[in-house]
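Enquirer: Residues per chain, in single letters:
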Amino acid sequence: MLKFILKRVAQSIVALFVIITITFFMVRFAPGDPFSAERKMPEHIKQNLMEHYGLNDPLAVQYVNYLGNLVQGDLGPSFTETRSVNQILAASFPVSLELGSWALLIALGIGLPVGITASVFKNSMVDYIPMSMAMIGICLPTFVLGPILALVFGVWLGWFNVSGWFMPADRVLPALTIGLAYAAVIARITRGGMLEVLSQDFVRTAKAKGVPFPRIVFFHTLKGGLLPVISFLGPALAGIISGSFVVETVFQIPGMGRQFVQSAFNRDYTLVLGTVILFAVLITLANLLVDIIQVIINPRLRFEDS
Amino acid sequence: MKVTQQAVFRTLLFGFCALAVAMLSGCGKGVPNVDEGVEQGILLFGNGTEPKTLDPQRATGVPENHIISALIEGLINYHQTDDNLPEPGVAERWEANEDSSVWTFYLRDDAYWSNGDPVTAHDFVYSYKRMLTPGFPGEYSQMLYQLKNAREYKEEKVGDFGEVGIKALDDKTLVAELIGPTPYFLNMLKHYSWFPVHPGTIEAHGGIFDMSGTWTLPGNFVGNGPFVLSEWRPNQYVRVTKSPTYWDRDIMKLNEIIFYPVEDDNTENRMFFSGHMHITGTVPTNDVPVLRREKPELIHLDNYLGTYFYRLNVTKAPLDNPLVRKALALSIDRQALVDKVTLGDQKPALAYVPPGFRGYEAQAPLGYDPERARRLLAEAGYPNGEGFPEMYLLFNTSEGHRKIAEAIVNMWNKNLGINLQLENKEWKVYLDAQTHLDYDISRSAWIGDYMDPITFLEMFTSGNGNNDTGWSNAKYDELIDGAFRAPSEELHFQYLQEAEEILLEELPIVPVYWYTRIYLKDPRLRNWNPKLLDNHPYKYVYLSE
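Residue numbers (numbering that gives the first Met the number 0), protein chains in the order written: chain H, 0 to 305; chain C, 0 to 544.
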């Protein structure tokens with residue numbers, strides 16, 4: 000197990016380095032620069048700024064400098080904000096993490112029971128109705144669901160604030176918006192995984208032995224049935240906790256998703272890079288975590304590894 | 000390794016619970032709603048985007064201006080109702096010499112910084128020196144080039160700041176010597192690039208060249224305006240509270256302003272209608288007609304000092320031919336466009352400079368005349384559009400710009416028989432293309448900085464960084480230069496008028512409409528008057544049932 004983890008960590012470091020390098024050069028090759036604006040600043044002032052941020056140095060020098068600072072944990076100054084990239088990410092990542100965690104809780108809390116129920120009572124109304132709703136949930140994009148929730152529960156009913164990130168209640172609507180979309184996917188994947196396991200021989204044997212059905216579901220099939228959900232959660236986890244541009248914009252949340260998209264629009268090179276690096280680390284970690292969990296609950300993988 | 004499934008789930012569950020507790024304990028208190036705001040004198044203000052900086056000498060945007068005007072006061076203030084009129088700010092009174100080229104300002108004795116220091120004439124000299132220091136990246140420093148030798152100092156042609164036309168005769172007397180007669184100088188002074196900064200604070204936080212902007216953070220910020228900065232939560236709000244040291248604090252009724260950086264106009268709309276905002280930054284275009292019909296008491300459409308226009312690349316055939324440019328300008332039905340497409344009561348721009356400048360006579364040569372436009376195009380060698388080359392209309396990606404572009408391309412097609420392709424580009428790519436004249440026709444806009452037409456006309460002089468059309472005209476340059484130095488207001492306006500006539504004859508641009516500022520306002524917000532520059536002195540604004 001340790002060997003497996005070490006191997007994966009080594010791979011991840013190489014992947015990170017490649018991602019940083021590609022991103023570094025790609026943002027700089029994009030047309031425009033951080034200081035271009037509709038009302039142009041005088042050329043000599045722009046040159047002063049470029050000089051100050053080291054943007055007049057040859058690209059290779061900038062790249063080496065950047066990596067040097069990065070190793071020391073310094074992601075550099077932002078070109079468009081008063082705060083440094085470290086400060087910006089330190090402020091916005093916890094917000095996205097919190098929102099994502101609530102959303103994940105909702106997604107699993109709704110998705111798993113619905114999927115399991117649907118698979119156990121397959122081809123009945125308890126299967127058809129939630130699964131059709133899940134289909135709608137998958138198709139309904141967050142930029143539609145978010146405003147609808149805000150309009151109904153915020154403007155009409157007045158139960159929640161339509162936007163902001165101030166009170167515990169402010170978490171509800173945005174977390175629901177993200178959570179419901181994932182709940183729908185998880186419900187469908189859970190149903191599929193469970194159905195596959197429920198049709199296997201050992202389940203029939205268990206039934207024949209007289210094991211009570213709930214016990215079969217929860218102790219015998221759940222482990223295998225949830226494997227597809229866990230592989231889905233790897234990439235999903237990273238996406239869910241790294242923030243959503245749409246949801247953060249609709250609900251006015253100071254998270255990382257909005258920061259990321261804005262930084263790309265602004266050509267804020269260091270902020271783009273900082274965000275990309277954080278994303279990459281998150282995705283790598285989430286995948287690693289899922290791999291470990293899979294090895295734990297799927298004995299077959301353990302044999303493959305050794 | 001023996002790990003059971005239950006153990007995994009138990010760990011995950013525990014993790015979630017721990018996380019939930021941690022998250023809830025980190026939550027702060029709520030923000031006031033509109034009713035609490037009215038009771039407690041707290042204005043809830045929709046402010047567009049997150050301010051990039053609160054340093055008046057580095058700021059450029061409208062949201063920044065809204066906040067900075069609450070925190071800092073210049074020599075001259077905006078008037079409550081009329082942007083053409085000056086109102087005393089830090090300067091209690093002032094006088095100009097005969098040709099308005101030397102101005103003397105007498106600072107009031109009771110003007111204090113928020114840390115208790117008196118505001119002195121030396122503070123202004125320090126501020127302007129900071130702005131004009133050659134390496135200082137103040138994007139608006141050219142506003143200060145109106146001071147004698149300011150440009151030369153900035154461009155390092157003059158080494159001694161003593162030669163720049165700004166002097167403190169004593170603590171309370173400031174003399175500005177200008178490059179020439181400038182009757183509209185007081186209007187320029189209202190702009191935040193002329194605002195003072197507190198020398199001690201700047202020096203305590205890294206000095207003039209500090210780029211981190213730490214002096215602008217709450218706790219560090221020292222201003223002399225009606226409000227002080229109390230809280231800045233990035234992407235959430237900026238909160239300012241009434242200053243205990245502001246000289247005119249006794250007339251102020253507002254205790255606080257909360258500026259919300261809401262980028263999404265629909266979100267802002269929901270905040271307003273759910274009682275969390277007194278005034279919005281804008282209104283979603285599609286909602287404007289409905290709201291005008293059903294909530295006329297809430298929606299406001301004020302004239303705004305801005306022009307929406309198309310730049311024409313005059314270095315490229317066939318747009319190098321003035322006849323073609325004129326044909327394009329005359330074949331747009333601007334009235335139909337503002338009635339059917341832009342929907343916000345914008346005014347058809349029959350000239351370039353928007354109306355509203357006192358003493359400047361508006362011109363209107365660009366009526367809708369498709370007949371004449373067709374004749375002009377035929378004269379240019381393209382009868383009924385035959386043989387007209389393929390051209391692209393460039394705009395930055397936005398639904399609103401697309402609709403306008405589609406309507407105008409349609410009018411040109413119907414009236415002139417020519418076909419244009421639409422081309423949208425992402426903002427910075429679009430700016431890049433425009434700067435490098437890599438376009439045929441490009442969507443543009445300009446918002447005036449101060450109350451003088453020169454803020455619009457200066458940009459089309461030869462080689463000006465904001466010209467971006469390839470057009471240049473020696474006579475035009477001469478007139479603008481003359482206007483900058485004209486000894487009397489009449490002459491100043493006369494030069495500018497002649498310059499605009501040339502511009503509208505040559506047409507390197509096609510004006511489309513004059514902006515309106517569209518917003519929702521709680522009727523309990525009082526003394527918020529329509530202003531061309533959209534500046535509303537907060538010290539007069541109040542909330543009341």
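Hints listed in this document are in silico derivations from the structure and should not be mistaken for laboratory results. All residues carry an ideal CB built from backbone N, CA and C; glycine is no exception. Mixed in with the good hints there might be a few duds.
[Claimed, not checked] Quick look at which bits of chain H chain C covers, simulated, 3 or more residues with Cβ under 8 Å: (1) 12-19; (2) 57-63; (3) 116-126; (4) 183-191; (5) 205-215.
[To be verified] The calculated lysine-lysine pairs, modelled on DSSO-like cross-linking and capped at a C-alpha distance of 30 Å, are: (6) C/Lys294 / H/Lys39; (7) C/Lys530 / H/Lys39; (8) H/Lys39 / C/Lys413; (9) C/Lys474 / H/Lys39; (10) C/Lys241 / H/Lys39; (11) H/Lys45 / C/Lys147; (12) C/Lys128 / H/Lys39.
Enquirer: So, for every hint listed, does it hold in this structure?
Expert: Verification of the hints:
no. : hint               : in the structure
1   : 12-19              : violated (count 0)
2   : 57-63              : violated (count 0)
3   : 116-126            : violated (count 0)
4   : 183-191            : violated (count 0)
5   : 205-215            : violated (count 0)
6   : C/Lys294 / H/Lys39 : 39 Å, violated
7   : C/Lys530 / H/Lys39 : 25 Å, holds
8   : H/Lys39 / C/Lys413 : 36 Å, violated
9   : C/Lys474 / H/Lys39 : 24 Å, holds
10  : C/Lys241 / H/Lys39 : 35 Å, violated
11  : H/Lys45 / C/Lys147 : 23 Å, holds
12  : C/Lys128 / H/Lys39 : 22 Å, holds
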